[in-house]
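Could you put together the complete structure from these sequences and hints?
Those protein sequences? They're chains X and E, same order as listed. Mapping to our numbering: the first sequence position 356 is 364, numbers consecutive. Mapping to our numbering: the second sequence position 287 is 295, numbers consecutive.
Among the clues, some could well be false.
[Stated by the list, open to error] Here's a subset of chain X near chain E, in silico, CB distances under 7 angstroms, partners left out:
1. 20
2. 200
3. 345
Since the hints were derived computationally from the structure, they do not count as laboratory data. Small disclaimer: the values here were computed from a predicted structure and weren't measured. Just so it is clear, CB atoms sit at the ideal spot from N, CA and C, and this is done for glycine as well.
2 protein chains.
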Amino acid sequence: MQFTQGLHRALQQRPDAVATVCNNRIRTFRQLHDRVARLAGGYTSLGIGCGDRVCILSLNSDRYLESYLALAWIGAVVNPANFRWSAQEIIYSLNDSQCVALIVDDTFTPMLDEIRRGAASVRTVIHIGDHGAPADTESHEALIEKSTPIPDLGIGGDALFGIFYTGGTTGTPKGVMLTHLNICTSALALLAEGALPADAVGLHAAPMFHLADMMMMTCLLLRGGVHVIVPTFRPEIVLDLVERHQISDLLLVPAMLQMLVDFPATSERDTRSIRRIMYGASPASETLLLRTMATIPTASLMQVYGMTETAAVMTVLPFSMHRADGQHKDKLRAAGRASFHVQIRVVDAEDRECPRGEIGEIVARGPNVMQGYLNKPEATQAALKGGWMHTGDMGFMDSEGYVFIVDRLKDMIISGGENVYSVEVENAIAKHPSVSACAVIGIPDPDMGERVHAAIVLKSGAHVTQDDLYAHCRTLIAGYKCPRSIEILESLPVSGAGKILKTELRKPFWSNQMRAVA
Amino acid sequence: MQFTQGLHRALQQRPDAVATVCNNRIRTFRQLHDRVARLAGGYTSLGIGCGDRVCILSLNSDRYLESYLALAWIGAVVNPANFRWSAQEIIYSLNDSQCVALIVDDTFTPMLDEIRRGAASVRTVIHIGDHGAPADTESHEALIEKSTPIPDLGIGGDALFGIFYTGGTTGTPKGVMLTHLNICTSALALLAEGALPADAVGLHAAPMFHLADMMMMTCLLLRGGVHVIVPTFRPEIVLDLVERHQISDLLLVPAMLQMLVDFPATSERDTRSIRRIMYGASPASETLLLRTMATIPTASLMQVYGMTETAAVMTVLPFSMHRADGQHKDKLRAAGRASFHVQIRVVDAEDRECPRGEIGEIVARGPNVMQGYLNKPEATQAALKGGWMHTGDMGFMDSEGYVFIVDRLKDMIISGGENVYSVEVENAIAKHPSVSACAVIGIPDPDMGERVHAAIVLKSGAHVTQDDLYAHCRTLIAGYKCPRSIEILESLPVSGAGKILKTELRKPFWSNQMRAVA
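As C-alpha cells, then:
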C-alpha cells in the first residue's frame with residue numbers, strides 16, 4: 009500500500025468530485041491527479057530521484073498536499089519541517105537527512121539564505137508560494153505547467169515515506185522514519201474506527217507537517233473526500249470555511265479546540281455541518297470536551313492518542329464514549345483503547361506488564377511503529393527495546409483496556425499542542441552567561457495547557473530578567489520552546505543521587521490539579 | 009500485524025464477553041485465550057515449530073478456530089483443506105506443502121489411513137472431534153488440558169500465515185501463499201467498509217477453510233465480536249441459531265443465500281436480529297438479491313468480490329447500493345468498486361488499461377495480493393505479471409469505477425460457490441475407457457448457479473451413461489467437480505487453430521441469459 013493509493017482510487021471512482029479547496033482555488037481529483045503526475049515529472053527533471061530526501065517548509069496549502077503526493081509518486085522521502093523551528097533547527101534536520109531539495113512557501117522564503125548557507129546538500133529549491141518565485145528557485149506552478157506527466161512508480165509498503173523530526177530529549181531533534189505501510193495502516197484503522205465516513209468534507213486546520221494532519225490527509229484521500237485547507241488555524245477563518253464549504257470533519261489539537269470554543273462568535277455562527285471532531289496530540293480537559301459538546305452540538309467527538317513514532321495512532325476513544333449527558337463520564341478522561349492494528353501494554357521499568365490500574369510506561373507494537381530514528385541506532389534501540397515502542401508516557405489501563413495517561417514523559421512539557429523537551433530548553437538557558445544551574449518544567453496555563461517555566465540558580469552577583477532570558481533562548485530555539493516565566497532559587501532540589509527533583513519544583517504550581525491528564 | 013491480534017485485543021478490552029458459541033459450548037475471550045495459549049504449548053511439545061506446515065481437515069467448529077489461532081501463535085503455517093476434496097487431492101496438498109501434522113475432526117477420520125499412507129511427511133495427527141480420539145492421534149482437548157500456556161511468538165507481517173489450495177487450471181491444485189499482512193489488511197479494509205461493526209454477533213456458516221469465512225473470522229476477532237459456529241450450512245439450523253443467539257451478521261455464498269430464501273420457514277421465523285449480510289465468492293442474480301431484501305428486510309447487503317489470491321477482497325458493493333426500492337438498480341449487477349487497499353484495473357491481453365466500458369481482464373495490486381503459488385514459480389510469474397494479480401475474470405469498469413464481471417475465467421465453472429476448473433474434470437473423464445474426447449462447461453442450474461456438464465465423443469462402438477461417468481470421476485476428484493449431465497456428440501466444435509470452441513457448446517444452454525454475471 010502506498011500513500012498515493014487514495015488519489016488513484018478517487019480518480020477512478022469520482023474523478024470530477026472536488027478534491028481540494030484552498031483560498032479561491034478549487035480542483036477536482038482529475039485535476040489534482042494530473043497536477044501531481046506533472047509535478048512528479050518536474051521533480052524527476054530536476055534530478056530528484058527515488059529515495060532522495062526533500063524538505064517541505066510551508067504553511068498549509070493545496071500545493072503542500074500536491075508536494076506530498078508527487079514526492080511519494082517518485083519514491084522520494086519527505087522531511088516536513090516544523091515551521092515553528094528556528095533556521096538552525098531546520099538546518100540540523102536538512103543535514104541529518106541529507107536533503108537534496110527544499111520546498112518553501114512565501115512565509116519562509118526570508119529564511120532561505122541562512123538555510124542554503126547551512127545545508128550544503130540542498131541543490132534545488134522549489135517555491136510553492138503565491139508571489140513570484142525568488143531567484144534561484146523553481147516555481148511549483150511552472151514545473152506543473154511545463155512538465156510531462158509520469159506514471160506513479162508504485163513505491164510503497166516498507167519503503168520509507170518520510171522522516172518526521174521531533175524535538176529530542178538530548179537537545180537535538182530526532183528524525184522518525186515512517187514507511188508507507190506505517191501511515192496507511194494507521195489510516196485504515198482510523199477509517200475502521202468510523203473516522204471520515206463517505207462524503208466527508210475535511211478541514212486541514214492542524215499543520216500539515218504534523219502527523220495528526222497526516223492522518224486527516226491520508227484518511228480523506230482514501231475516502232475520496234474534500235480537502236479544505238487553511239494556511240494556519242484562526243477561529244474566524246475556520247468558521248467562515250465551515251459555513252462556506254459545509255465542512256463535516258475537523259481534526260484539532262486541544263489548544264485549537266480551546267480557541268474555537270472561546271471565540272465569542274462560534275456559538276452565533278452556523279456550525280451545523282460539523283458532524284465529527286477528532287482531537288489529540290496533547291491532553292484535553294473534561295471541561296473543554298463538555299464545552300465543545302455544548303458549543304457544537306452536532307459534532308461527535310473522537311480522541312486519538314498517539315505519537316509521531318507510532319504514525320499518530322495508538323488508542324482511540326470513540327464517538328460513543330463522548331456523551332454530553334454524563335454517560336461514560338468515567339471514561340472521558342481516558343485516552344481510549346488500543347486501535348485495531350496496535351498492541352498496547354503498560355509496563356514497569358523491567359518491561360513486565362503492570363497489573364490493571366497500576367501506573368507504568370505505555371508501550372506499543374504494530375505495523376504503525378516507526379522503523380527507527382535516522383542516524384541514531386542507540387536511541388532507536390532504546391525506544392524499540394524488545395520490539396515495543398516505549399512512549400515515555402506514564403499511565404495505567406483499566407479493566408476494560410482503557411488507557412489513562414497520568415504523566416507525559418517525566419520532563420516533557422506540552423504547550424499549545426507542541427512537545428517541548430525540557431533538556432533542550434535547559435541547554436539553551438545554560439548558555440546564558442548569568443546562569444549557574446536551571447531546571448525547566450511545565451506549569452498550568454489556561455490557554456496553552458502548560459507553559460514553559462524555568463527555575464534558575466544565578467552565578468554569584470549575576471542578574472537576569474524574564475525578557476533577557478527569552479531573547480537569549482530565542483536565538484537558539486523556537487519561540488514556543490522558550491521560557492515564559494522564571495523563578496530565581498538559591499539552589500535546585502536534588503535527590504540523594506544528585507538528580508534534580510522536578511517533582512518538587514512542580515508541586516507549588518500543580519497542587520490543585522493533576523498534571524497532563526488525558 | 010498478526011492474525012492473533014484480535015484475540016489479544018479482545019482479551020484486553022472485553023475478557024468476559026462471549027467469544028465462541030458452538031453446539032452447547034460457550035466460551036469467553038479469556039477462556040479462548042487461555043485455551044489457545046495452552047494449545048500452542050501443546051503443539052510445541054509435539055515438535056511443531058515456527059514455519060512448519062499443518063493441515064486442518066474439518067467441518068466448522070470452535071476447535072477449528074482455536075487451531076487457526078494456536079498455529080499462528082507459534083508461527084506455524086496452516087493448510088486448511090477443502091473438505092469436499094477426495095483423499096488423493098488432499099494428499100497432493102499435504103505433500104506439496106510438506107505438512108508435518110494433520111488436524112482432523114470426526115467427519116474425516118475415516119480418510120485418515122489413506123492420507124497417512126499417501127503423505128509421508130505427516131508425523132502427527134491431532135483429533136478435534138467430539139468422539140474419542142482414534143489410535144495414534146493426539147486429542148485437542150487433552151493437549152489443552154495437559155499443556156502449559158506459552159506466549160505468542162509474535163510472528164506476523166510478511167511471514168506466511170497459510171497455504172490455501174485452489175483447484176488448478178492444469179488439473180493440479182495450486183497452493184496460494186498468504187501472509188499475515190495479506191489477511192489482516194483485507195480485514196481492516198472490510199471493517200472500514202462498515203462490515204461487522206461494534207457488538208456484532210457473526211455466524212460462521214461458510215466453510216472455515218475458505219477465504220470468505222477467513223474474512224468473517226479475522227474481522228470478528230478484530231472487533232471482539234461473537235463467533236457463532238455451525239458445522240455446515242443448513243437453513244433450519246441457521247434459523248435456529250439466529251433466533252437463539254440474536255445473530256447480527258451473516259457471510260454467505262449465493263448458493264447459501266438461495267437455500268435460505270427458498271426455505272419455506274425462513275419468512276415465518278424471527279430473523280429481525282440480522283442487520284447485515286455479506287455475500288460473495290460467486291455471482292448472485294439480481295432476483296436473488298431482491299428476494300433476500302424482501303425475505304429478510306432488516307438486513308443490509310454488502311457484496312465482496314475477490315479471490316483466494318487477493319485474500320478474498322478486491323471490490324465492495326456497499327450497503328448503500330443495495331436498495332429494495334429500485335434506487336441504484338443499475339449498480340446492483342456490479343461487483344462493486346476497489347476497496348480502500350486495492351488497485352483494480354481492467355486490461356487487454358497486452359496489459360494496457362482498457363477504456364471504461366470495454367471488456368478486459370480484471371487485475372489487482374495491493375498489500376492483499378498473495379506471495380505466490382507454492383512450488384510453482386512459472387504459474388506465480390504468470391499470475392503476478394508486472395506486479396498485478398491477473399484474476400482471469402473478464403469484466404468492464406463504468407465511469408464511476410464500478411466493476412461488472414461478464415465472464416469468469418473462460419472455462420471455469422462456479423457450482424454451489426465452488427470453483428470447478430473444466431480441465432481438471434476433463435482430465436478425469438478422459439481416463440474413462442469409452443471416452444474419445446470431451447469438453448466440460450458450466451450450464452445454468454437453479455440451485456447451484458451453474459452445474460458441471462460434459463460434452464463427450466465416444467470411442468467407436470463404446471457406450472457410457474451419466475451414472476457410469478459420474479462414478480468413474482468420483483474415484484478421481486471431489487463430488488462437486490463431477491459432471492451432473494452429459495451429451496454425446498459426433499465431434500466437438502473446433503476453431504481453425506484446432507481449439508475446442510466451448511462458447512459454441514454453451515450457446516444452447518445460455519441463450520436466454522447472460523452467463524455468470526455478478
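Was the hint right that residue 345/X lines chain E, CB cutoff 7 angstroms? holds, 5 angstroms
Given a cut of 7 angstroms on the nearest C-beta pair, is the interface hint for residue 200/X held or broken against chain E? OK, holds: residue 200/X within 7 angstroms of chain E, min 4 angstroms.
Can the hint on residue 20/X be confirmed by a CB-to-CB distance to chain E that is less than 7 angstroms? holds, 4 angstroms
Checked against the numbered hints given earlier, the structure satisfies every one of them.
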